[in-house]
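One-letter residues, chain by chain:
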Amino acid sequence: MNFFRILFTVAIIFSFVSCERLQTKPGVDFLGPVLEVVGEEGKLGYTGKVINNSDKKLTNVLVRYIAKNKDGKIIEAITIPLIGTKGLVILKGEIVDFSFILRSETKNVFNKQLTLDYIE
Amino acid sequence: MYFFKRLIVIVLVQLLIFSFIFTLFVFSFNQRREVSKNQSKALASVIAEQASNYFEENDNNFSSKDFFNFLDNQIGVQKLTNAFNVNPPELLAVYFRTDIMKGIVNAGTDDNLNKDDNSPFNKTNKFFFNNKYVAIKPFFIGSSDKPYGVVRIETSNIPILTEVLYNNGIFYMLLFLILNNQAFLFYLWTKKKKSLDVDTGYLKESSLGSIKIMHKLLGDVIQDHKVPGTQKNNPANVLNIDDKK
Numbered sequence: 001m002n003f004f005r006i007l008f009t010v011a012i013i014f015s016f017v018s019c020e021r022l023q024t025k026p027g028v029d030f031l032g033p034v035l036e037v038v039g040e041e042g043k044l045g046y047t048g049k050v051i052n053n054s055d056k057k058l059t060n061v062l063v064r065y066i067a068k069n070k071d072g073k074i075i076e077a078i079t080i081p082l083i084g085t086k087g088l089v090i091l092k093g094e095i096v097d098f099s100f101i102l103r104s105e106t107k108n109v110f111n112k113q114l115t116l117d118y119i120e
Numbered sequence: 001m002y003f004f005k006r007l008i009v010i011v012l013v014q015l016l017i018f019s020f021i022f023t024l025f026v027f028s029f030n031q032r033r034e035v036s037k038n039q040s041k042a043l044a045s046v047i048a049e050q051a052s053n054y055f056e057e058n059d060n061n062f063s064s065k066d067f068f069n070f071l072d073n074q075i076g077v078q079k080l081t082n083a084f085n086v087n088p089p090e091l092l093a094v095y096f097r098t099d100i101m102k103g104i105v106n107a108g109t110d111d112n113l114n115k116d117d118n119s120p121f122n123k124t125n126k127f128f129f130n131n132k133y134v135a136i137k138p139f140f141i142g143s144s145d146k147p148y149g150v151v152r153i154e155t156s157n158i159p160i161l162t163e164v165l166y167n168n169g170i171f172y173m174l175l176f177l178i179l180n181n182q183a184f185l186f187y188l189w190t191k192k193k194k195s196l197d198v199d200t201g202y203l204k205e206s207s208l209g210s211i212k213i214m215h216k217l218l219g220d221v222i223q224d225h226k227v228p229g230t231q232k233n234n235p236a237n238v239l240n241i242d243d244k245k
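From first to last, the protein sequence lines are chains X and S.
So for the first sequence, the numbering used here puts the first residue at 1; every next one is plus one.
So for the second sequence, the numbering used here puts the first residue at 1; every next one is plus one.
Hints were generated in silico from the structure; no laboratory data involved.
Note that the structure is predicted; figures quoted are calculated from it, not measured.
Built from N, CA and C at the ideal position, the CB exists for glycine as well.
Some hints could be false.
Listed next, the stretches of chain S that the computed footprint assigns to chain X, with coverage defined by at least 3 CB atoms under 8 Å from CB atoms of chain X [to be verified]:
(1) 24-32
(2) 89-98
Derived DSSO-like pairs: lysine-lysine, alpha-carbon spacing no greater than 27 Å straight-line [to be verified]:
(3) X:107 to S:146
(4) X:57 to X:86
(5) X:56 to X:92
(6) X:112 to S:123
(7) X:70 to S:79
(8) S:192 to X:70
(9) X:92 to S:65
(10) X:73 to X:43
(11) S:146 to X:43
(12) X:43 to S:65
(13) S:102 to S:115
(14) S:5 to S:65
(15) X:68 to S:115
(16) X:107 to X:56
The following residues of chain X were derived to be distant from chain S, with all beta-carbon distances above 12 Å [as the list claims (entries may be wrong)]:
(17) 44
(18) 59
(19) 87
(20) 91
With the hints as extra help, turn the sequences into a complete structure.
Pasting the structure below:
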């Protein structure tokens with residue numbers, strides 16, 4: 001009886017340790033690195049590409065950028081909707097370009113964070 | 001106190017097992033991180049080479065979009081992503097020497113435009129460790145001794161962390177169970193036999209209890225036989241075998 005109890009306990013533990021949730025699910029991803037340059041006016045500019053890796057069309061795909069200063073405070077936040085061939089709907093496997101320029105002084109930008117958000 | 005001591009020993013053994021597994025995890029993580037670092041350095045060299053080619057032709061007409069398309073045509077961003085597999089570089093920056101020298105942008109470099117490991121721009125502490133790796137490579141134009149600019153590549157180590165956990169999670173769990181099993185076997189091996197009590201001999205306390213009960217019952221039976229006239233007082237529903245004879 002004890003053997004079956006142990007077997008049951010181990011089975012429960014193993015079901016929690018499958019680590020499946022650590023695997024990233026297909027969705028939208030940056031295609032390659034995002035390019036950062038200092039523009040003519042001394043402001044930071046970003047250029048990149050986003051791909052829809054999922055097997056569905058996605059709507060309202062947004063690129064979110066957060067710039068923080070050396071104290072960790074947000075000095076600028078930008079949200080850019082991505083526009084594909086069908087407007088705000090990004091088709092399966094479609095690649096969309098994006099680019100934007102910051103308004104903040106470049107020397108004040110200490111930490112940068114780029115994320116993608118979307119609705120299925 | 002006895003159980004408390006046992007609990008302390010169990011906690012210590014579990015901590016020892018966890019620290020062993022954690023060491024293995026850190027070892028795997030560092031191995032994978034070194035591979036990623038080398039990939040980032042190699043990529044920075046390739047991009048720097050492409051930047052030299054691009055800026056030799058387009059010195060006065062720089063556009064980030066044009067440069068990105070140039071890279072896409074020359075190398076292919078899809079190939080770049082596939083080459084890195086788990087943790088592709090997040091940010092690829094191209095800074096000019098003039099901008100760095102003027103203080104417009106901080107590239108995390110020293111005066112010679114080489115990577116400054118102590119610069120806070122090259123570190124991001126999260127989850128108790130620096131989870132950002134920055135590869136910096138200066139690029140030159142023509143035969144100039146001074147670099148024209150630098151290529152800076154930022155890579156996050158967090159995807160490596162999750163990948164190592166994802167790939168080795170079951171292994172760590174099995175190791176945990178096996179080590180616990182081994183610890184238990186070791187305990188059985190080293191377990192000392194209890195010293196025999198002179199009065200009770202080899203009998204266990206539980207056996208003593210049952211023997212005491214048996215002793216009491218037997219005593220009662222003997223006592224009943226000693227009392228005269230006990231047989232006459234037999235109740236009607238009790239069958240006596242001797243009477244049938």
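Results of checking the hints against the structure:
1. 24-32: violated (count 0)
2. 89-98: holds (count 8)
3. X:107 to S:146: Status holds; Cα separation ~23 Å.
4. X:57 to X:86: 10 Å, holds
5. X:56 to X:92: 6 Å, holds
6. X:112 to S:123: Holds. Residue 112 (chain X) to residue 123 (chain S) sits at ~12 Å (cutoff 27 Å).
7. X:70 to S:79: 34 Å, violated
8. S:192 to X:70: 62 Å, violated
9. X:92 to S:65: It holds: about 24 Å lies between the C-alpha atoms, which stays within 27 Å.
10. X:73 to X:43: Cα-Cα ~19 Å, so holds.
11. S:146 to X:43: It holds: about 24 Å lies between the C-alpha atoms, which stays within 27 Å.
12. X:43 to S:65: At roughly 15 Å apart (the allowed maximum being 27 Å), residue 65 (chain S) and residue 43 (chain X) satisfy the hint.
13. S:102 to S:115: 18 Å, holds
14. S:5 to S:65: Answer violated: residue 5 (chain S) to residue 65 (chain S) is near 68 Å, above 27 Å.
15. X:68 to S:115: The hint holds at about 22 Å.
16. X:107 to X:56: 41 Å, violated
17. 44: For residue 44 (chain X), whose nearest Cβ neighbour in chain S is about 8 Å away, the distance does not exceed 12 Å, so it is violated.
18. 59: Given that every Cβ of chain S is farther than 12 Å from that of residue 59 (chain X), nearest at about 24 Å, it holds.
19. 87: 22 Å, holds
20. 91: 17 Å, holds
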